[in-house]
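Kindly generate the complete structure, drawing on both the sequences and the hints.
Just so you know, the sequences run in chain order A and B. Residue numbering for the first sequence follows my numbering, beginning at 3 and increasing consecutively. Residue numbering for the second sequence follows my numbering, beginning at 235 and increasing consecutively.
Hints are computed from structural coordinates only; laboratory data are not their basis. Hints may be right or wrong, so weigh each one.
[Unchecked claim] Here are some, though not all, of the chain B residues that point toward chain A, as calculated from beta-carbon distances under 10 Å: (1) 253; (2) 261; (3) 262; (4) 264; (5) 269; (6) 285; (7) 289; (8) 293; (9) 297; (10) 303; (11) 304; (12) 306; (13) 312; (14) 316.
C-beta atoms are modelled at their ideal positions from N, C-alpha and C, and glycine is treated no differently.
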Amino acid sequence: MSLDPQRRGTDAPPDPRLRAFADVVEPEIEVLLRVGRSLTGSDTDAEDLVQETMIRAFGAIDRFDGRHPRAWLLTILRRTHLNMHRRQRPSTVGDWEVLHHARPAFGGAHAPSAEDRALAEDLDPALRTAMAALDERFRAVVVLVDVHDLSYADAAAVLDVPVGTIMSRLSRARTRLRAALAADSSRPGKETR
Amino acid sequence: MIRTARRMLTCHWSARRLQRYLDADPAAPLTSREVARLEEHLATCERCADVLGEHRLLSRALGGWRRGTPVDHASVRRVRALVEDLAEGRER
Chain A
3 MSLDPQRRGT DAPPDPRLRA FADVVEPEIE VLLRVGRSLT GSDTDAEDLV
53 QETMIRAFGA IDRFDGRHPR AWLLTILRRT HLNMHRRQRP STVGDWEVLH
103 HARPAFGGAH APSAEDRALA EDLDPALRTA MAALDERFRA VVVLVDVHDL
153 SYADAAAVLD VPVGTIMSRL SRARTRLRAA LAADSSRPGK ETR
Chain B
235 MIRTARRMLT CHWSARRLQR YLDADPAAPL TSREVARLEE HLATCERCAD
285 VLGEHRLLSR ALGGWRRGTP VDHASVRRVR ALVEDLAEGR ER
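Structure, rendered in structure tokens:
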């Protein structure tokens, strides 16, 4: 049976592989939009990028082995981004400004605990300063893994670097963030947590 | 003296594994023996336990940023509609 919808008869039953495509990609839409915003720095551009990614993924579904759909889609997303913007390997992320001005929302849909509110009030300004001071390559990894909750392999697919590079940048970035926060908390007039 | 040196070595060994322990990423899992040794050390070493606590705090703070910048639901709906159209063979 042809995967090409144009070549299927209108009365033909849906190809199960086409339904499988939807089942595989739909759970990843939000992650793709978040990472798309990271790469483009804009919600509108992220949606365009993800729509184009979906069309390309649909065209390549025959070559997908069924394993690691998120990494597969993120690789297509990165390549699509490169093609659309003719950029070099993305070593940075563009949504830093968005995140930088976002208000933290600890606890998601639930009311934040007193501890989380205190964390936001005490830690957030210093953390933003510390993140801003990071090298862009390190900040990109922290944004993808710690903010957007990607796995090492998925972040590697986005940045087109080996997993070992992700781990090493992440480790160095977190060490710098911790050091910066420790220095901030030991400033005179700051209460030690 | 030997005891102190041994503890320092274990602190060094633990520090190199703390982030992998917290992340529990499938690309870089610790063995069950490593996890047991690390947890045993963390139970007795205040300094390493403090470092673990700092990492957890950092992780919670950064995760809070994600929840503070949610994805546009209208975008999700439009992309989902595109996927459905592709899967059903509908032309756009």
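Status of the hints after comparison with the structure:
1. 253: holds, 6 Å
2. 261: holds, 4 Å
3. 262: holds, 6 Å
4. 264: Check failed: Cβ of residue 264 of chain B comes no nearer than 13 Å to chain A, outside 10 Å.
5. 269: violated, 18 Å
6. 285: holds, 8 Å
7. 289: holds, 7 Å
8. 293: This interface hint holds because 6 Å falls under the 10 Å limit.
9. 297: With Cβ-Cβ at 7 Å, under 10 Å, it holds.
10. 303: holds, 4 Å
11. 304: Holds: closest Cβ of chain A sits about 8 Å from residue 304 of chain B, inside 10 Å.
12. 306: Interface hint status for residue 306 of chain B: holds (5 Å vs cutoff 10 Å).
13. 312: Residue 312 of chain B check passes; min Cβ-Cβ to chain A is 7 Å, inside 10 Å.
14. 316: Holds - the Cβ of residue 316 of chain B comes within 10 Å of chain A, reaching about 6 Å at its closest.
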